[in-house]
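K.L.:
So you can see what is in the structure, the chains are spelled out below.
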Amino acid sequence: MSTEYKGYRGEALAALENFQAPVWSDVRVVTGKGSYSGIVLPRSETADPRHIVLKLRSGYNIGIAAASVTAIEVLGRKEAHYKIPEKVFPFDPKKPRVKLLGTGGTIASRLDYRTGAVIPAFSPGELYGSVPELADLCNLETEKLYGVFSENMGPEQWIGTAQAIGREIEKGVQGIVIGHGTDTMHHTAAILSFMVQNSPVPIVMVGSQRSSDRPSSDAALNLMHSVKTAAESDIAEVMVCMFGPTSDVYGLLHRGTRVRKMHSSYRSTFRTIGDIPLAMVSRDRITPLRQDYKRRRHDREVTINTAFEEKVSIVYYYPNMKPDIIDALIDNGYRGIVIAGTGLGHVNKPLYPALKRAREKNIAVYMTVQTLWGYVQMYVYDTGRDMMELGVTPMANMLPEVAYVKLGWALGQASDLKRVREIMYTPVNGEITEREPSNGYLIFQGGIPEVEEFISQIKK
Amino acid sequence: MPPFKSFEEMQPEDYAAIGFKSGLEIHQQLLTSKKLFCRCPAGRYSDEYDAEILRHMRPTLSELGEYDGTALMEFKTKKEIIYRINRETVCTYEMDDTPPFELNEEALDIALGIAMLYNCVMVDELHIARKQYLDGSIPTGFQRTTIVGVDGAVPYRERSIPIVQLGLEEDACREVSDFGHRRVYITDRLGMPLIETVTGPEMRTPLEVAEVAQLLRRMVRSTGLVRTGIGAARQDVNVSVTGGTRIEIKGVSRIPQIPLLTYNEAMRQYNLLRLRDELHRRGITPESFTGRYEVANKLLRKTRFQPIAQAIAAGNTVYGVVLQGFRDLLRWPTQTDTFFAREISDRVRVIACLTTLPNIIHSDSPGETLASSEWLNLRKLLGAGEEETLVLVWGPPADAETGAREILIRAREAATGIPSETRQALEDGTNGFERILPGPDRMYPDTDLPPKAVTPERRERIRTTLPAPVWEREVRYRSMGIPADTVEPLACSRWAGLFETAITQWGLQPTLAAVVLIQYPRRLRKGQPGKSAEWSDEFMTALLKTVGAGRLQREGILPAMRHWLATGENLWESWPGMASENEIIGWIAEARVAECRSLAPAARCRLIMGRVMARAAGRANGAALAERVRRQEGVS
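These protein sequence lines map, in sequence, to chains W and P. Each position in the first sequence, counted from 1, maps to that position plus 683 in our numbering. Each position in the second sequence, counted from 1, maps to that position plus 1270 in our numbering.
Just so you know, the hints here were simulated from the structure itself, not pulled from any lab data. These numbers come from a predicted model, not from an experiment. Note that the Cβ used here is the ideal one computed from N, Cα and C, for glycine as well. It is possible that some hints are incorrect.
[As the list claims (entries may be wrong)] According to the in silico footprint, chain P covers these stretches of chain W (three or more CB under 8 Å from chain P):
id	segment
1	712-723
2	962-972
[Stated by the list, open to error] Derived Cβ-Cβ restraints for the label pairs, each shown as a range:
id	chain 1	residue 1	chain 2	residue 2	range
3	P	S1316	W	Y1062	26 to 32 Å
4	W	S1139	P	Y1315	18 to 24 Å
5	P	L1651	W	S1139	49 to 55 Å
6	P	G1585	W	D775	57 to 63 Å
7	P	T1498	W	Q1128	37 to 43 Å
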């Protein structure tokens, strides 16, 4: 497709070509109903082929039915050069070195005319141009590893990111920030917790729930929080740093193995499940909420283990599930299955033969709970015991997504199921905890008078 | 340039001489049950709230890659924005924690209809835009807005006023307070659908601006599809004079304020142009202007001027600012009883968040502030000569410095002319700085919603339900002999459609129908100040139908309306029909009680008639009854 008529097809393209009015032309469009003046904009490729998009003098965009166009008068041309103002990121020898690794997501972004969506922009200069406060915290270096949406992150990107982290630690950075789309940030946080062990510096994952092309975006504040954590905190773990409340007040640092995205759009979507977060972070300070974290060190030692077996799946159990679901995985050569079972970790009886088959085929099958909070307990009911007989291994209070990436990582290292089981049961960093504190499960129920009173007294 | 004449003295020729031009942007809420991009109820207001949210706004790039000037200014002000949330009226969409739902189709139909009444060229495919507002009045930092029609016109006197565009957009929050670095909003109004109608700058006198505003208001009200009442319609007025700049006066809620507001703005621009000429005469241009500022705490430690003494005691900073060649110019008149110093003070208030007044003092009005020795010492410290004006600004260190810088910025702008600003309407008819005028750079396509095609079929469906435009209706009503004071209210009333049906289908006399629909409700409201009855469509329709069918006489209409107000019931429904001969004889007999006899015949007739009519409550024809009573009482 010609870039001159970016995004246009069908009747709209024909009309523009007919009157030689390529994209960015300053035009007067005459139609049967009247005329319109403005600049021809590119059109989103997914939009229909029947309309021409015009930017009016007032800045508004409108679409004109191509079929109604009788003439287009070209008066001039005004091409947009969308660019985040770039300024040299200032260097201060007294400030720590922080590396920002980009995988995608929208920390700073710009409009993509082809799709109508936003695409990220990223260089230190661009970031400094949009969030100059970062220069007060560190000397920032950036590297774009990938430019993918969160849902397109997978083993290849996980491994590449883990390796990049290893390289940066060897080079002596004082902290690492990883820009990431939020949808699967907790999957990546978990696998990086396994692939990158014994890090001497903080590894902070960050993203935004409102893209940075909006004045109300959480991106800038999240970025400041995460850079501050990477530069200054003594927590040398893989963490997720995102808003605590929906207000612009503080962020939370969640342990990479216990965090989960819990709302499709809220800013405060990330929550630590079954435990409390590591710390709170605001622009002024980092306030640890617990002491049992791994401390920052001044060496450059780190263990990178990027083993990964891709033939692993999660099965979310539902009533009346048929065994063919499990059979299909077996027949397709899967080596590991994580079940998100009901309640304490259950599936129905009709699945048993399939589970038995899985055991015979040397497939690792682990049980987690779809309630997310709480432990698998397969002794309470006979059905649980039956399943254990069939080789289904209870995975304590490991979150289903965490169990999924950990099983891939374990199977990448061993094929002997006993060895796999040993790896699965040896906590790397809190993915299984011995105990659940009573404040590890707090979901306030709206409408209850004391909850309403509490909400009315604090900012959300 | 001669001095500016007073408001009363100004004639159309005077406005022509200064090149007065004005246009309107009218915001009118639509009468829908739900909001524009979510399904919260529309039109429910309450100052009570359940929770608060705190946000900040940051500027972002426009679609064409520019930062908007206003956006950068608002960012300088670094406000904490607090939103008060009432769960009944606000959901997670308004809090900017949920993406938009689809555009409210009911609102779109209304907007399309009104655009057609304005004869706009209709837009075939709607593109939702984000119009940035960094003042915090919308939690997203932008208003979702879309143009539904462009290039329309309305007839006004012997000419026509162009309608540049008609947009459909969501309403913003209501501001509760704005003090220092904290601005508080209540969110109930947020997200309600409204239309913005933009006229061309074709009004030539302040009076014309008000008249066109009235015309447009009547026009939208005549559809019956818009909200009325306080805050339901607000206008922004754009004013410029020859050599001046387009200035937007925001949030004028009452049309009668418009003439004085626009007069004062014309005067301000005229005087600022004179000020610029004076500066040029003194050899000061935007390029040559110099100014500087310095901390002046040391010299003012012992001052008796309370605001500064208190500021220093509280650990705040005082800056002395020198404006080169400005001697006496801070006393240059701008608007009625308002001087250039106000332009500076306003900027300091808004941009440096120094909201406690006075926030500046200056050497052009030295009295009652500092001692003359203090002014002298300051001049020495700052190395300021006699031709220079000193301005002091004080506050928390960062804010005071922002203030000092802003004073220099505004002074330099005076040498350029009139800065592009939006200004707020004040009660006394003057206006004050609100923010730098935003440009097209603040527009950004809304990536959350795809474009939406408006089909010709949809437009046709709407077109068939549209009433005639208000100006056409008024001409027709007059020709029907409808009382002059009823013509305009009826034309823009929601009963205009019912009126048509009543006279064409049910055979009512036009005058009677107009009186029932417009004057009677007014009369019934008189006794109950503050209470405006919400007449239901069902009742008014039934009432006129019953009158048309001859089941209710003219005299019974008011009693029936009163009865409905009191009980919510239709009076005539429990009736057997028109009064029988026997009933009438009975009523008259009942009414002719003892005291009647002592009255003169005419008075006696009136008393009897009054009683009988009350009793009949519309079930008897008044004229026939009066004739009968008069005959019976021997009065000819």
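K.L.:
Check, residue by residue, whether the segment 962-972 of chain W contains three or more positions whose beta-carbon lies closer than 8 Å to a beta-carbon of chain P, and give the verdict.
P.N.:
violated (count 0)
K.L.:
When you take the CB atoms of S1316/P and Y1062/W, is the distance between them in 26 to 32 Å?
P.N.:
For S1316/P and Y1062/W the Cβ distance comes to about 54 Å; the hint is violated.
K.L.:
If I claimed the Cβ atoms of G1585/P and D775/W lie 57 to 63 Å apart, would that claim hold in this structure?
P.N.:
violated, 29 Å
K.L.:
For the range 49 to 55 Å, tell me whether the beta carbons of L1651/P and S1139/W fit it or not.
P.N.:
holds, 51 Å
K.L.:
State whether the coverage of the segment 712-723 of chain W by chain P holds or is violated, taking the criterion as 3 or more residues with Cβ-Cβ distances under 8 Å.
P.N.:
With 5 residues close enough to chain P, the hint holds.
K.L.:
Starting from the hint 37 to 43 Å, judge whether the C-beta atoms of T1498/P and Q1128/W obey it.
P.N.:
holds, 41 Å
K.L.:
Please test the hint of 18 to 24 Å on the beta carbon pair from S1139/W and Y1315/P.
P.N.:
Since S1139/W and Y1315/P have Cβ atoms about 19 Å apart, the given range 18 to 24 Å holds.
In summary, the structure is inconsistent with hints 2, 3, 6 from the numbered list given earlier, while agreeing with the others.
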